[in-house]
Amino acid sequence: MIPIIENICVEKKKWITHDEMMDVTVIAESTPGPIAINCATYVGYKQKGILGAIAATLGVVLPSFIIIYLISVFLNDLLEISWIANAFKGIRIAVGILILNAGINMFVKMKKRTIPCIILICSFIAMILINIFAWNFSSIFLLLIAAVISLVIFLVQGAPSGKGGEK
Amino acid sequence: MIYLELFIGFLIVGLLSFGGAYGAIPLIRDVVLMFGWLDEEVLTNMIAVSESTPGPIMVNLATYVGSSQAGIPGGIIATFAVVLPAFMIILLIMVVLKKMLENKYVKAVLGGLKPCIIGIIISTGCYMILKNSILPIFRPSYDLWAPVITIILAVLFFGSKAVIKKKMSPIVLIAVSGVLGIIVYGV
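Those protein sequence lines, which keep their order, are chains A and B. Using the numbering used here, the letters of the first sequence map in sequence onto residues 1 to 167. Using the numbering used here, the letters of the second sequence map in sequence onto residues 1001 to 1187.
Excised from the complex, chain A in its bound form (with noise of 0.2 Å):
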């Protein structure tokens, strides 16, 4: 995704520079959602303010919205033909292998530092508890109660002491 948005937003249409790129790349990581809907509304919003921002970030999703759409509105018939659903029984079983895949991914990226990797194990172990337990336990308040953690260690910490507050 980011090379197709670089080609086009700073090398073709000249709408923001490279630096500008490398920030918005920056801010995408840290803010929720896709850095697609990210790109779009900064760009949008530099070259034309908050209609430009909605307008760019419309014109991102409308592609995805009618095709998945289309699909939708098909996919139940094509799984009644036999070898179409046969074929889904297969790709179920490669969608947990694509999940674990990019969970790893994020992992070899992330800074290895003690306090992180507690969290990372502890939201791993009782995600897993969770789900083969049924528990009624949505990974929302996880996330919640990891944030709430993390702040309070901080704060604990007080001054950020060469590891809390630093990049």
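Among these hints, one or two may not hold up.
Pulled from the structure, derived: some chain A residues nowhere near chain B, Cβ distances all over 10 Å [to be verified]:
| no. | residue |
| --- | --- |
| 1 | I8 |
| 2 | D19 |
| 3 | K46 |
| 4 | E80 |
Here are the simulated distance ranges between beta carbons [as the list claims (entries may be wrong)]:
| no. | chain 1 | residue 1 | chain 2 | residue 2 | range |
| --- | --- | --- | --- | --- | --- |
| 5 | A | E29 | B | Y1105 | 13 to 21 Å |
| 6 | A | M1 | B | S1141 | 33 to 41 Å |
| 7 | B | W1145 | A | I81 | 15 to 23 Å |
| 8 | B | I1072 | A | I4 | 24 to 32 Å |
| 9 | A | T17 | B | V1095 | 15 to 23 Å |
What the hints contain is simulated information worked out from the structure, not anything from laboratory work. The structure presented is a predicted model; accordingly, all values stated were derived computationally and were not measured. Backbone N, C-alpha and C fix where the C-beta goes; we use that ideal spot for every residue, glycine too.
Position chain B against the provided structure of chain A, taking the given hints into account.
Only chain B this time, still in chain A's reference frame:
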């Protein structure tokens, strides 16, 4: 009522989806199963479709779940809700809080959120693999082929990096798994 549920559900997903495309999958799975919108099988099918079509996975999933529950208006509301937090936060950063991400408290919160979501993603992946292969072993309808396919796919996917020094792309893996499914379950 369903519109409000879709809006709130996907607003939460949009607000907490740190960690890019895959960060949102466990959250969406959670919200979808919590509200009982789709069962796990249908949702997993759709994750595969979202992975193979252009556009961010979370936007694709929001559109699909929304429109499956409440037609086009539902699709629009869910998509709008999932995009809204990302949109507002970027605007906020650009317009008023240019230094927001450098704020030490924001950093502290992010420092906890990110490893937590990585843990959630890894465990969701592990659980989905187990659920498809080993966990149903005591059920009478146990599918002996599932663990075989799981092992073949895992070896191909993680092994491709070691052998040809290039990681198999997700779409290739999905294609291979589809073909395997057709062969194994069709013949």
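Hints breached by this structure
3
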